[in-house]
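Could you put together the complete structure from these sequences and hints?
From first to last, the protein sequence lines stand for chains A and B. If you read the first sequence in our numbering, its first letter stands for residue 540, the second for the next number, and so on. If you read the second sequence in our numbering, its first letter stands for residue 1183, the second for the next number, and so on.
Simulated from the structure, these hints should not be mistaken for lab results. Fair warning: this is a prediction, and the values are worked out from it, not measured in the lab. One thing to keep in mind: the hints can contain errors.
Residues from chain B that keep clear of chain A, each with C-beta distances beyond 12 Å, as calculated [stated by the list, open to error]:
#, residue
1, Q1192
2, T1235
3, S1288
4, L1303
5, M1367
6, H1390
7, V1410
8, L1448
9, G1450
On the chain B side, residues computed to face chain A include the following (Cβ under 7 Å) [claimed, not checked]:
#, residue
10, R1271
11, M1272
12, M1276
13, E1299
Part of the chain B face toward chain A, derived, beta carbon under 8 Å [as the list claims (entries may be wrong)]:
#, residue
14, G1242
15, Q1244
16, F1278
17, L1284
18, T1285
19, P1296
20, H1300
21, H1302
Even glycine gets a Cβ: it sits at the ideal position worked out from N, Cα and C.
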Amino acid sequence: MIELFAQLGGWGMQALTRLGRAHLLLLPLLRGGLDILRRPRLLVDQLFSVGVLTILIIAVAGLFVGMVLGLQGYYILSRFGGETALGLMVAASLVRELGPVLTALLFAGRAGSALTAEIGLMKATEQLSGLEMMAVNPQYRILAPRFFAGIVSVPLLAALFSMLGVMGGWMVGGGMLGVDKAAFWNGMQGGIDFHEDIVNGVIKSVVFGVVCTWIAIFQGYDCVPTSEGVSRATTRTVVHSSLAVLGLDFVLTAMMFS
Amino acid sequence: MTEVDDSAEQPPLVRIRGLRFRRGSRWIFDGLDIDIPRGGLTAIMGPSGTGKTTLLKLIGAQLRPDEGTVEVDGENVHALSTPDLYRLRMRMGMLFQSGALLTDMSVFDNVAFPLREHTHLNESMIRKLVLLKLEAVGLRGARDLMPSELSGGMARRVALARAIALDPMMIMYDEPFTGQDPISMGVLVQLIRRLNDAARITSIVVSHDVAETLGIADLVYVISNGRVVESGTPAQLSESGGDWTRQFIRGLPDGPVPFHYPAPPLRGDVLGAQR
Ligand SMILES: Nc1ncnc2c1ncn2[C@@H]1O[C@H](COP(=O)(O)OP(=O)(O)OP(=O)(O)O)[C@@H](O)[C@H]1O
Ligand SMILES: [Mg+2]
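Shown next as structure tokens:
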């Protein structure tokens, strides 16, 4: 029994020290931002591999989610004869919730896991040690550009997701189901509030971008430098990011609409 | 051999005193004292797993000792501030056992990397320097290959070209000879000696290739069980022939050097029920 508590305590301590190390890493990550101002090229390269390569999955997912929203929304709304509100319903659920959240989840799976694996393998193959011995700080040179690339990418990807989602909803609603096209757009334009909906959605996706990229980079940098260690770290990135995004989404939503 | 004599008056470039370092509960170093003379080629030899790589990482301040000091060029590396440490590292080259090339860059860009990070040279100057360094290791023709397209031996030679890119005052070689065919081995041995003599770069070579190492070293330290067991010029070592050195140099299985990692007796371990 006592052993059980000791074991639990041990796990707790481990988790806490890891959390502490993760926070300690934030400082050099932010400090590395200064280097990026001097050498924007570092950021541009990472924007490509972190952001641009994630566009396809985000675009396809956004389109399909929007189409499903169109179908489901029509089914509910038509029961009350409120099909004209379809545009508003699709756009609001995308901009406020689904865009930021699903983008962050897909980002963690596609780009976050890749970041962790890349950094973890660089650690395992002594590339990070090699940089240190060449008097190059890997936290500034390798980690920071990836961190800022993630922070910039996620809100943009979320915007893309919502945009294609609206298109998908419009295609299903206006094209297949015969909802009045003008009503679709008018309802959307009239009902969406810039501050309440769009700004809050952007705030969410910025927060998710920071958290997902931070988790991915920390897990890679902190991993046990072996094949097994890297694979575990990659799994942890996806699990922790997903849970963090869903948990934070609740907290942020509660704060925004209270 | 003259280098050692000239520098006898100067303080050593690297001075290690009373170094103790622990991995878990096992002491890897237990009171290690080593002096690396300036401008000389010092070899550090010892069986696999004695902590030669660990020692180089301690000198480069990537690891912290539990006790004792490591001074490089008169500065205690573990007491330096990060900017000072990085300034010192710019003058130290290190050749990793695995090469440690950046896998997302070509051979050319890898060698150019330290120049681009630390100097303001223009691209045409960098190109010239890189090609010269690659020529020195015989891989000028491989400049456009990616690290994944190199063999282990080639990767290590590229890493050497990168380590000398900034013309450091000292280079640490971790097993430079393993994985080299006889020809490139000969070239490397010559190259290491030449870098040392022509540019007066202090070299620390960690190796267990006895013949090659004894052939070029000015000074040899043999370490085992966390201490220096013998030191001296290669000639002195082959003559004096303490038990330890005789066994190591001749590669005999029996003697004071343990072949086994510490373990309980075989009989109990194999036949016993416990794991
Ligand atoms: N990260 C680590 N964690 C725990 N123990 C380690 C670690 N790295 C090395 N060791 C231990 O430290 C000892 C020295 O390792 P080191 O790599 O310095 O040996 P070496 O002398 O370079 O051997 P080789 O000639 O095979 O390269 C080994 O016995 C190893 O078990
Ligand atoms: Mg080694």
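Hints and how they fare:
With a least beta-carbon separation of about 25 Å from chain A, Q1192 (chain B) lies farther than 12 Å from that chain, consistent with its non-interface assignment. With a least beta-carbon separation of about 10 Å from chain A, T1235 (chain B) fails to lie farther than 12 Å from that chain, contradicting its non-interface assignment. Every CB of chain A lies more than 12 Å from the CB of S1288 (chain B), the least distance being 15 Å, so the non-interface label holds. For L1303 (chain B), the shortest C-beta to C-beta distance to chain A comes to about 16 Å, beyond the 12 Å cut-off, and the non-interface label holds.
At roughly 23 Å from the closest C-beta of chain A, the C-beta of M1367 (chain B) stays outside 12 Å, upholding its exclusion from the interface. Distance check on H1390 (chain B): its Cβ is at least 20 Å (rounded) from any Cβ of chain A, clearing the 12 Å threshold; non-interface status holds. Non-interface call for V1410 (chain B) relative to chain A: holds, since the shortest CB-CB distance, roughly 24 Å, exceeds 12 Å. Remark: the non-interface label on L1448 (chain B) is consistent with the geometry, its nearest Cβ contact in chain A lying 28 Å away (cut-off 12 Å).
Chain A leaves G1450 (chain B) outside its interface by the beta-carbon criterion, the shortest separation being 27 Å against a cut-off of 12 Å. The criterion of a C-beta within 7 Å of any C-beta in chain A is met by R1271 (chain B), whose closest approach is roughly 4 Å, and the hint holds. For M1272 (chain B), the shortest C-beta to C-beta distance to chain A is roughly 4 Å, which falls under 7 Å, so the interface hint holds. For M1276 (chain B), the interface hint holds, the least distance from its beta-carbon to any beta-carbon of chain A being 4 Å, beneath 7 Å.
Annotation: E1299 (chain B) was flagged as interfacial toward chain A, and the flag holds, the nearest CB pair being 5 Å apart, inside 7 Å. At a threshold of 8 Å, the smallest CB-CB gap from G1242 (chain B) to chain A is about 5 Å, leaving the interface hint in force. Interface restraint check: Q1244 (chain B) against chain A, minimum CB-CB distance 6 Å, threshold 8 Å, status holds. Using the Cβ-Cβ criterion of 8 Å, the hint placing F1278 (chain B) at the interface with chain A is satisfied: the shortest such distance is roughly 5 Å.
For the restraint placing L1284 (chain B) at the interface with chain A, the shortest Cβ-Cβ distance is roughly 6 Å, inside the 8 Å limit, so the hint holds. Contact between T1285 (chain B) and chain A, as hinted, is supported at the beta carbon level, the nearest pair being about 7 Å apart and thus within 8 Å. Taking 8 Å as the C-beta contact cut-off toward chain A, the hint placing P1296 (chain B) at the interface holds, the least distance being around 5 Å. Because the smallest distance between the Cβ of H1300 (chain B) and any Cβ of chain A comes to about 7 Å, under 8 Å, the interface hint for this residue holds.
With 8 Å as the threshold, the beta carbon of H1302 (chain B) stays out of range of chain A, its nearest partner Cβ sitting at about 12 Å, so the hint is violated.
In terms of the numbered hints stated before, the structure departs from hints 2 and 21, listed from lowest to highest.
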